[in-house]
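Going down the list, the protein sequences come from chains A and B. Here our numbering is used: the first residue of the first sequence is 1, the next is one more, and so on. Here our numbering is used: the first residue of the second sequence is 1001, the next is one more, and so on.
Rather than coming from a laboratory, the hints here were simulated on the basis of the structure. All C-beta atoms in this analysis are idealised placements derived from N, C-alpha and C, irrespective of residue type, glycine included. Treat the hints with caution; some may be incorrect.
Here are a few chain B residues that face chain A, going by a calculated C-beta distance under 10 Å [stated by the list, open to error]:
#1 Val1014
#2 Thr1033
#3 Phe1035
#4 Cys1037
#5 Thr1071
#6 Arg1085
#7 Asp1122
#8 Leu1125
Far from chain B, by Cβ distances over 12 Å, these chain A residues were calculated [what the hints assert, rightly or not]:
#9 Asp89
#10 Gln145
#11 Cys153
#12 Asn164
#13 Pro182
#14 Gly211
#15 Asp218
#16 Arg220
#17 Asp255
#18 Val257
#19 Glu300
#20 Glu332
#21 Thr353
#22 Gly362
#23 His657
#24 Glu679
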Amino acid sequence: MSRNPLSRREFLVRSAAVSSGLVIGFTFPSTVRRALAQEAPKAPLKVDPNAFIRIGPDDTVTILLKHSEMGQGISTSLPMAVAEELECDWRKVRFEHAPADLVYAHTAFGIQMTGGSTSTWESFDQLRTAGAMARQMLITAAAKQWKVPASECRAEKGFVIHGNQKLRYGQIASAAAALPAPSQVKLKDPKDWKLLGKPTHRLDSAAKITGKAEFGMDVRRPGMLVALVARSPYFGGTAKGFRAEKAKAIPGVVDVVKIPSGVAVLAEHFWAARLGRDALEIDWDPGSFAGHNTAAQREEYRRLLRTAGTVAATKGDAEAALTRAAKTLEAEYEVPYLAHAMMEPLNATAEVTSGKCEIWTGTQFQTGDQAAAAKIAGLKPEQVKVNTTFLGGGFGRRANPNNDFVSEAVHLAVATRKPVKVVWTREDDIRGGYYRPMWVSRLRAGLDANGRLTAWAHTIVGQSILAGTPFSGMIKNGVDETSVEGAADSPYLAAISDHRVDLHSPKLPVPVLWWRSVGHTHTAFEVESFLDELAQAAKKDPVALRRELLPEHSRHRRVLDLAAEKFGWGRPLPAGHAAGIAVHSSFGSYVAQAAEISLDKDRIRVHRVVCAVDCGPVVNPDGVVAQMQGGIVFGLSAALYGQITFKDGRVEQSNFHDYPLVRLLEMPKVEVHIVQSTEKMGGIGEPGVPPVAPAVANAVFALTGKRLRSLPLKLA
Amino acid sequence: MKLHVNGKDHEVSVPEEMPLLWVLRDVLGLTGTKFGCGMALCGACTVHLDGQALRSCVTPVSEVIGRKITTIEGLDASGSHPVQRAWGELDVVQCGYCQPGQIMAAAALLKVVPKPSDEQIDNALSGNLCRCGTYQRIRAAVHRAADLTGPGGRS
């Protein structure tokens, strides 16, 4: 069986077909909109069903995934979109990760990648169209065989049917392939969906519960070496020199090789590589970061807070309105650097032979990694084959514009001419950078004599994720939108006549990256906490204040009302318990969460989180529920524990004992309520994360009267 | 050294202090058992040693010679141990990387406590981290697995 999706041997549909106007009707989340403006192809979206669907003689339908399965469930939702239109038997649907190829490019970004909670909506029409085209061709092929008009035939559960006669898809796939692809197909009305919108079991479940699922970490190649890399403990530092004798004396160690990111020890297995790396003697030049401390960085950021930044959003005159206000409020918020800490530490396997490079890894950035590998190996991108394995979590860390983990493997494969798997340890992961940036912000608001909000100023300080990357073109007028998303476009601003949001983007050697829900991780905490402070100042209920500020029929309002209702907002809670709420939209979806907490001495215990979500039309409701549950846990780990700090230029944390995650015994009861919505489809992987930290912080205030303005939340 | 894994004997020639995890993964090719932290902090490397949950990432291989080791690949020949069936029914997995460890920990618990309470489940499985946050389903699936397991043990 061919593994090449573009092969003609087992394909179904022959030629590419063009269907125009497929993306009309979407409003892209702001950052995607910016990306589109930057590099959107002018031509209509092309749909090549052959790239996405293979039908075997045994009727097995294999869907090629243009996106990476990293837990978010696209290996089920994307095949659902195809299968709905293809009318195949869902039980015979399989999936494979597609190779790196621009036929799998993101319809908004123009490169093959997974991120921004975009996978399902960006490919939804494309994949349904591919399925519909394939179905049409199967019907035509069967009709020809029977010598009946195609219009008298229909497709159902993997058969084409005409009167009493039936043909299996597997029987006619090759005949269908000889036909021209239809130039236009009509997609089903959502009311006729049989599969879409129904809770559907995950297609990747069986492999993952038996240990058979292959992650990058599990890749094995004949003659493969395992490499661990000693990287500078100081960001921007370099190895001045090293002594490898002791490392090379470890049984199993094969070689020690210097590469741009550090000194690699190559061995027959991980354990020897690990011992070998421990035995390396390296003289580090720490560079300019040697004396760096988090406390000093905080002071510098706070100084910047009091200077005018680059304007990200403005209306009227916020300063004048603050001066005029009957009452003003001011607060500073802070969130730390965070590591992604995916359960599967980073890794990549590369093999370079003459004229060819092959990579096996769990990546969110196929074509970027392919280009980087080609450059290192002195090849053309099409000479680099990228095999995407399952990702043991991604959360943005495996979408690195600098292609760090893939580049290391390719450098070593070039140097040794052997297959090399680079493995990061947990310590490498926690200390390796590409963090969610540290942010500080200052919010000021003015209220009139009636407690109405009349002025708003929000200053944000933190590193730009996009600066210095191939995505820097998305920085507009000095503003990296990923720094201010959720603040510059806050739904509350419309109701405030005078407002301003501005930004400082200091440059530091700490590598930063998108971290599940990106800028929203800090803006939701700042805005939704400060809203609560305003409610208190105006002596209003937190839900009531938000309802006043949000337009009546808005999606924000709908999820807020639903979460409040399902939570029982305002109803008495057990003694020692209190509630907090937050609402935030990100990546095209709207989420409100109400949290019930208590204290165990100084420890915050979260008992219950009620979540309402409007993501537009739902593909797999159980998948939406899972992503909300998971997003809440991810957000809670940041709310309660996560922080990366620096002392004398070195990261202070190293593993799960000092970079803790929420554990099972801390798991609150999470209830998820999905709004039945025909609004625009949004993303689902990230929007569950932002509201939980402010919801919990607001509950802590309700319980204790203490306003916690920095994460992780600490009472003592 | 002779290792007894999933009902088979394997002769391995490795350093005595090499953690069982790396013998399983890099020498025997049993990659279902995962590396997550290397310090027994996350539970991804959980296997059974004579039926009890064990963190293979900190266990020197020399300590388990001649004892019965079971990995996720050997939990059930057809992959349909009650815990695995429950995991499938409830769609527990997301990225799936921690799940072999979670499943091995759950299976070990059910051997000792056939009908565990929430608290017993929390205590037994809180050493197993899940970054995707599948905890609520893990808890529910352990209860479901207990139901699927007949009164006499395996259904």
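Consistency of the hints with the structure:
Interface restraint check: Val1014(B) against chain A, minimum CB-CB distance 8 Å, threshold 10 Å, status holds. Evaluation of the Thr1033(B) hint against chain A yields a held restraint, the C-beta minimum of about 7 Å falling below 10 Å. Given hint, Phe1035(B) at the interface with chain A, holds; its Cβ is 6 Å from that chain's nearest Cβ, closer than 10 Å. At its closest, the beta carbon of Cys1037(B) sits 4 Å from a beta carbon of chain A; the interface hint therefore holds under the 10 Å criterion.
For Thr1071(B), the suggested interface contact is upheld, since its CB lies about 7 Å from the closest CB of chain A, less than 10 Å. A distance limit of 10 Å between C-beta atoms decides the matter here; for Arg1085(B) the minimum to chain A is near 9 Å, and the interface restraint holds. Checking Asp1122(B) against chain A: minimum C-beta separation of about 4 Å stays under 10 Å; hint holds. A cut of 10 Å between beta carbons decides the hint on Leu1125(B): the least distance to chain A is about 5 Å, and the hint holds.
The beta carbon of Asp89(A) sits about 19 Å from the closest Cβ of chain B, which is more than 12 Å, so the claim that it is off the interface holds. Distance check for Gln145(A) against chain B: the nearest CB is about 39 Å away, which clears 12 Å, and the non-interface claim stands. Taking the minimum C-beta to C-beta distance to chain B, about 36 Å, the non-interface status of Cys153(A) holds against the 12 Å cut. For Asn164(A), the condition that its CB be more than 12 Å from all CB atoms of chain B holds, with the nearest at approximately 38 Å.
Every CB of chain B lies more than 12 Å from the CB of Pro182(A), the least distance being 35 Å, so the non-interface label holds. Non-interface status of Gly211(A) relative to chain B is broken: a Cβ of that chain comes within 12 Å, the nearest being about 2 Å off. The non-interface label for Asp218(A) is inconsistent with chain B: the shortest C-beta to C-beta separation is roughly 4 Å, within 12 Å. Distance check for Arg220(A) against chain B: the nearest CB is about 6 Å away, which does not clear 12 Å, and the non-interface claim fails.
Distance check on Asp255(A): its Cβ is at least 17 Å (rounded) from any Cβ of chain B, clearing the 12 Å threshold; non-interface status holds. Every Cβ of chain B is farther than 12 Å from the Cβ of Val257(A); the closest lies at roughly 20 Å, confirming the non-interface assignment. The beta carbon of Glu300(A) is kept farther than 12 Å from every beta carbon of chain B, the shortest such distance being approximately 32 Å. The claim that Glu332(A) is not at the interface with chain B holds, since no C-beta of that chain comes within 12 Å of its own (minimum 30 Å).
Interface exclusion of Thr353(A) from chain B stands, the closest Cβ pair being 23 Å apart, more than 12 Å. A Cβ of chain B approaches the Cβ of Gly362(A) within 12 Å, the least distance being about 9 Å, so the stated non-interface status is violated. With 12 Å as the threshold on Cβ separation, the claim that His657(A) sits away from chain B is violated: the shortest Cβ distance comes to roughly 6 Å. With a least beta-carbon separation of about 26 Å from chain B, Glu679(A) lies farther than 12 Å from that chain, consistent with its non-interface assignment.
The structure fails to meet hints 14, 15, 16, 22 and 23 from the earlier list, while all remaining hints are met.
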